[in-house]
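Participant: Take the given structure of chain A and dock chain B to it, following the hints.
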Amino acid sequence: MGRYRAGKGRALKNSRRHRLREFQMNPEDRFYSACLDPSGYARGLKQRTCGKILGYFCSYAPVELIHAAGLHPFRILGGKGEIRLADAHLQSYCCSLVRSGLEAALNGSLDFLDGAVFPHTCDSIQRLSDIWRLNAGFEHHFDVVLPVKLNTLSARRYMAEVLNGFRKELEQAFQVEITDEALWRAIRDYNVIREKLESLYGLRSFNPSLFDPSAVHRITAAAMFMEPGAFLKDISEYLGNVEPGVLGGTGSGRKRLVLSGGICSHPDIYDLLARAGADVVWDDLCTGTRWFEEKAEEDGRDPIGALADRYMARSVCPAKHADVRARAGELADTVRRHRADGVVFLMLKFCDPHAFDYPYLKRFLDEAGIASLLLETEDHPPAEGQLMTRFETFVDML
Amino acid sequence: MITAGIDIGSITAKAALIKDGELAGTRLDFTGYNAPKAGRRVLDDLLEKTGIKKQEVDFIISTGYGRNSVDFADKSITEITCHGAGARFIDPGVCFVIDVGGQDSKVIKLSRDGKVVDFAMNDKCAAGTGRFLEVMARALESDLDEFGELSARADVPAAISSICTVFAESEVISLISKGESRENMIAGIHESVASRISAMAKRLGVTGPVMMTGGVAKNSGAVRALENKLGVSIRVSPHAQLTGAMGAALLAARMEQSA
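Those protein sequences? They're chains A and B, same order as listed.
Quick note on our numbering: the first sequence kicks off at 1 and runs consecutively.
Quick note on our numbering: the second sequence kicks off at 1001 and runs consecutively.
The following block holds chain A by itself, in its conformation from the complex:
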């Protein structure tokens, strides 16, 4: 979007080399490349543009504010490497996202970051924020202490105050002014990205055979890594080339599934489910619909209010509260709306909020006659043999 200034010398050479490589790639290649090596993508972006990059861990991070400040918001999804440094700072019952995220910060894998923002979600992320601040050594650090309850007027007022506070902190830290105009522009950019991702999900639900099993997952992840303007251009071109075909596609007899949980950083899971005879048609994931659903108002007078309203309107994650049965009701509705045959819960091991929610969600689905399967994941998925035994049995069961 022209926010990144071209640098001199090496940066210019890199830029030319990058443009040549980009020219030879199609949008799908670029999504996959960003998804395969997010850090490599971010490092390249930084070299080309000399821009600043701010990392974030969860879908409650106000990416529009970061974007409006002229920074690149970069989603940290952890890694799959060996944990050598992080364990010295963490207890053994921390989830793999926290462990591998901290490891990446400590071992230099995130050296392209200028800082990170930690929205108030689960306890582990709160404590990670402190450990990160003390040990990671990045120049900038932000805590965005969002309200926990998201269904009251006072929470809405508090949410707006917190977002305003973050806006001022960003302005101060990076010596920029985040004008209302810039913020509206960022809101519009992200609204279009969300709209495109929703279209992509809609096409998959309409006809799963249009895509490789893990394609939609990879593209959605790429949206969280790539520069918004570049992603928007690519996703528009990509969607323009998708022909919807016929309802349900060619996969007769195949089962339709909804994934529910926190983060999913395992494209293999989609491929293995496909091998077992099922297509993922929708999700309720922090790295999926919870990142892109609900658009912020574009026509109001208060852009911060528009952002606050979006967070109040979208589905809550289990670290937040809207209504005691909100998540279960929405999940069951999603299953019905997308004619799904069942739900696979992807639970990150040691993720307390999701673990606490699971028993009631499972009971609710059982009572609604919706079959479900629980799968605990970590930075590496379970062994393929065990995974296929679970998936094949579940698909047979449906």
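No wet-lab data here; the hints were simulated from the structure.
Be a bit skeptical, because a hint or two may be false.
Said to hold, decoys possible - A short list of chain B residues far from chain A (calculated; beta carbon distances all over 12 Å):
(1) Leu-1023
(2) Pro-1036
(3) Arg-1041
(4) Gly-1064
(5) Glu-1079
(6) Gln-1103
(7) Asp-1104
(8) Val-1117
(9) Asp-1118
(10) Ala-1120
(11) Asp-1123
(12) Val-1166
(13) Ser-1170
(14) Val-1206
(15) Ser-1220
(16) Ser-1233
Said to hold, decoys possible - Pairs of lysine-lysine residues, derived as DSSO-like cross-links and limited to a Cα-Cα distance of at most 30 Å, are as follows:
(17) Lys-255(A) - Lys-1075(B)
(18) Lys-1229(B) - Lys-1178(B)
(19) Lys-149(A) - Lys-349(A)
(20) Lys-255(A) - Lys-1019(B)
Cβ atoms here follow ideal geometry from the backbone N, Cα and C, with glycine treated the same way.
Facilitator: Frame of chain A; chain B shown alone:
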């Protein structure tokens, strides 16, 4: 009609033949490192034992963790579905199956018509599996076949607080050095296994008559400990670890019939 089920488990390979709705024979052997070879061997041995020729077998279903390595099978189905079908074949009243094998334990809920409606299995951990018992038997220099009988003689089961196989083994060694009786330690080991499996079963919700299958079903001490933890009486599959192969053969017969 003759159908075969072949179950390649982590420790043993099993085969079962069903002829006109009746069990014609079973065979069990160690899997070893070559799962495809074990599948072929166990079926060949069973055919020889029963006098049935290979070409007479109408349909073969493979199951178990090595199910996809049985290249001569007509279809593969997971051991969860097969243990459910096998348990129902043995006892039509069964609604809940606990299958404890060498490397995993599974709880399976069946519908009235015998279909799997829910299940859970252990994850990445040997606690609550046959392997756990094997490690403990080695530490106690005892034969696994005697475990049931020895644990029945325990007065106060020893508390094994660790659920990790390696740490539990250290705990057992430490109990040995303190002079704890072997009977009490074995009973404690069974309680440890039962705690793990019963927690998984309770999460699923135990319904109706329960049957235990898999190799650990042969261990009366483990079955007794599970009955105490769950507060229900458990029907033990007389075919223990052969139940999955029988279920596979039965499902093969159904498929052949409906073809």
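Participant: Now tell me, hint by hint, if it's right for this structure.
Facilitator: To see whether the hints hold, each was checked on the structure:
At roughly 23 Å from the closest C-beta of chain A, the C-beta of Leu-1023(B) stays outside 12 Å, upholding its exclusion from the interface. Remark: the non-interface label on Pro-1036(B) is consistent with the geometry, its nearest Cβ contact in chain A lying 15 Å away (cut-off 12 Å). Every Cβ of chain A is farther than 12 Å from the Cβ of Arg-1041(B); the closest lies at roughly 21 Å, confirming the non-interface assignment. Not every Cβ of chain A is farther than 12 Å from the Cβ of Gly-1064(B); the closest lies at roughly 9 Å, contradicting the non-interface assignment.
Its closest Cβ contact with chain A, about 7 Å, brings Glu-1079(B) to no more than 12 Å, contrary to its assignment away from the interface. The non-interface label for Gln-1103(B) is inconsistent with chain A: the shortest C-beta to C-beta separation is roughly 9 Å, within 12 Å. Not every Cβ of chain A is farther than 12 Å from the Cβ of Asp-1104(B); the closest lies at roughly 7 Å, contradicting the non-interface assignment. Listed as a non-interface residue, Val-1117(B) fails to keep its Cβ farther than 12 Å from every Cβ of chain A; the least gap is roughly 7 Å.
Taking the minimum C-beta to C-beta distance to chain A, about 7 Å, the non-interface status of Asp-1118(B) is violated against the 12 Å cut. Not every CB of chain A lies more than 12 Å from the CB of Ala-1120(B), the least distance being 7 Å, so the non-interface label is violated. With a closest Cβ-Cβ approach of about 6 Å to chain A, Asp-1123(B) is found to fall inside the 12 Å limit, against its non-interface label. No beta-carbon of chain A is positioned within 12 Å of the beta-carbon of Val-1166(B); the least distance is around 15 Å.
With 12 Å as the threshold on Cβ separation, the claim that Ser-1170(B) sits away from chain A holds: the shortest Cβ distance comes to roughly 18 Å. Annotated as non-interface, Val-1206(B) keeps its C-beta farther than 12 Å from every C-beta of chain A; the closest such distance is 14 Å. With 12 Å as the threshold on Cβ separation, the claim that Ser-1220(B) sits away from chain A holds: the shortest Cβ distance comes to roughly 28 Å. Listed as outside the interface, Ser-1233(B) is consistent with that label: its C-beta sits roughly 25 Å from the nearest C-beta of chain A, beyond the 12 Å cut-off.
With a C-alpha separation of about 19 Å, the suggested pairing of Lys-255(A) with Lys-1075(B) holds against the 30 Å cut-off. Distance hint between Lys-1229(B) and Lys-1178(B) is fulfilled; the C-alpha atoms sit about 27 Å from each other, no more than 30 Å. Of the pairs offered as hints, the one joining Lys-149(A) and Lys-349(A) holds, with about 25 Å between alpha carbons and a cut-off of 30 Å not exceeded. With a CA separation close to 33 Å, the supplied pair Lys-255(A) and Lys-1019(B) exceeds the 30 Å bound.
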